[in-house]
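Peer 1: The lines below spell out each chain.
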Amino acid sequence: AQRVTQPEKLLSVFKGAPVELKCNYSYSGSPELFWYVQYSRQRLQLLLRHISRESIKGFTADLNKGETSFHLKKPFAQEEDSAMYYCALPGAGGTSYGKLTFGQGTILTVHP
Amino acid sequence: SQTIHQWPATLVQPVGSPLSLECTVEGTSNPNLYWYRQAAGRGLQLLFYSVGIGQISSEVPQNLSASRPQDRQFILSSKKLLLSDSGFYLCAWSGASGGARETQYFGPGTRLLVL
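Residue numbers (this note's numbering), protein chains in the order written: chain A, 1 to 112; chain B, 1001 to 1115.
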């Protein structure tokens, strides 16, 4: 069964420090992973998807199939990055078609 | 442009009372629709999803049910609420062609407190 694990419920860094939010997955096949973010008083929204290979708000995420990881990274954290971050994995097909499995989420706090 | 609405925004209900949460989408047709629950310390849990009118897939055994009476309307219901039903309920939609690989767009959520 597919699974997404975010080992850190809480992560605190200071402004300007690098930040890495961890995500590990379990999946048989070629995965396509996402990061969603929920800022305070805003709706949950897509941050980035690995297939796009783009940097959004300074964040990047690389899919490492050997380590089954999709960690989210930013070299210099900003206070406005404080939010809840979810890693997510879509189902492969069949009865899993349409199903998106989310990790438990990591609350990132960036201190001034 | 597409928008998604949920109501009510907040609800306080006694144990054993019924529940009806509504979600509607505008500006798109034949979307995939989803109900999630965000409970404290438990992340985001998929409850139901629907790929069309009257087509509902249930992910978690529980006393909740979902219905899709119209293409862009998704309703979450319960006949008798339990304390454990408290949480933040999110509705989401996505385009249908790519299944769960499509970006999901979330509503503002309903905060439910069962007392």
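Just to be clear, a hint being listed does not mean it is correct.
Dumping the calculated DSBU-like pairs for lysine-lysine here, alpha-carbon to alpha-carbon at most 35 angstroms [as the list claims (entries may be wrong)]: (1) B:Lys1080 - A:Lys15; (2) A:Lys9 - A:Lys99; (3) A:Lys73 - A:Lys15; (4) A:Lys99 - B:Lys1080; (5) A:Lys99 - A:Lys22; (6) A:Lys57 - A:Lys9; (7) A:Lys22 - A:Lys65; (8) B:Lys1079 - A:Lys99; (9) A:Lys73 - A:Lys22; (10) A:Lys9 - A:Lys22; (11) B:Lys1079 - A:Lys73; (12) A:Lys99 - A:Lys73.
Source of the hints: derived by calculation from the structure; they are not laboratory data. Here the structure is a predicted model, which is why all the values come from computation and not from measurement.
Peer 1: Now look at each hint and say whether the structure bears it out.
Peer 2: Status of each hint after checking the structure:
1. Distance hint between lysine 1080 (chain B) and lysine 15 (chain A) is unfulfilled; the C-alpha atoms sit about 47 angstroms from each other, more than 35 angstroms.
2. As the CA atoms of lysine 9 (chain A) and lysine 99 (chain A) are separated by approximately 23 angstroms, the hinted pair is consistent with the 35 angstroms bound.
3. At most 35 angstroms may separate the alpha-carbon atoms for a hinted pair to count; lysine 73 (chain A) and lysine 15 (chain A) meet this at roughly 14 angstroms.
4. Taking the CA atoms of lysine 99 (chain A) and lysine 1080 (chain B), the gap is near 27 angstroms; set against the 35 angstroms cutoff, the hint holds.
5. Among the hinted pairs, lysine 99 (chain A) with lysine 22 (chain A) is consistent with the structure: their alpha-carbon atoms are about 22 angstroms apart, no more than 35 angstroms.
6. For the hint linking lysine 57 (chain A) to lysine 9 (chain A), the alpha-carbon distance of about 22 angstroms falls within 35 angstroms, and the restraint holds.
7. Under the criterion of a C-alpha separation no larger than 35 angstroms, the hint pairing lysine 22 (chain A) with lysine 65 (chain A) is consistent with the structure, at around 14 angstroms.
8. A hinted pair counts as satisfied when its Cα atoms are at most 35 angstroms apart, and lysine 1079 (chain B) with lysine 99 (chain A) qualifies at roughly 26 angstroms.
9. The suggested pairing of lysine 73 (chain A) with lysine 22 (chain A) holds, with an alpha-carbon distance near 9 angstroms, which does not exceed 35 angstroms.
10. Proposed proximity of lysine 9 (chain A) and lysine 22 (chain A) is supported: the alpha carbons are some 10 angstroms apart, at most 35 angstroms.
11. Under the criterion of a C-alpha separation no larger than 35 angstroms, the hint pairing lysine 1079 (chain B) with lysine 73 (chain A) is inconsistent with the structure, at around 44 angstroms.
12. Distance hint between lysine 99 (chain A) and lysine 73 (chain A) is fulfilled; the C-alpha atoms sit about 26 angstroms from each other, no more than 35 angstroms.
Violated hints, listed in ascending order, are 1 and 11; each of the other numbered hints is respected by the structure.
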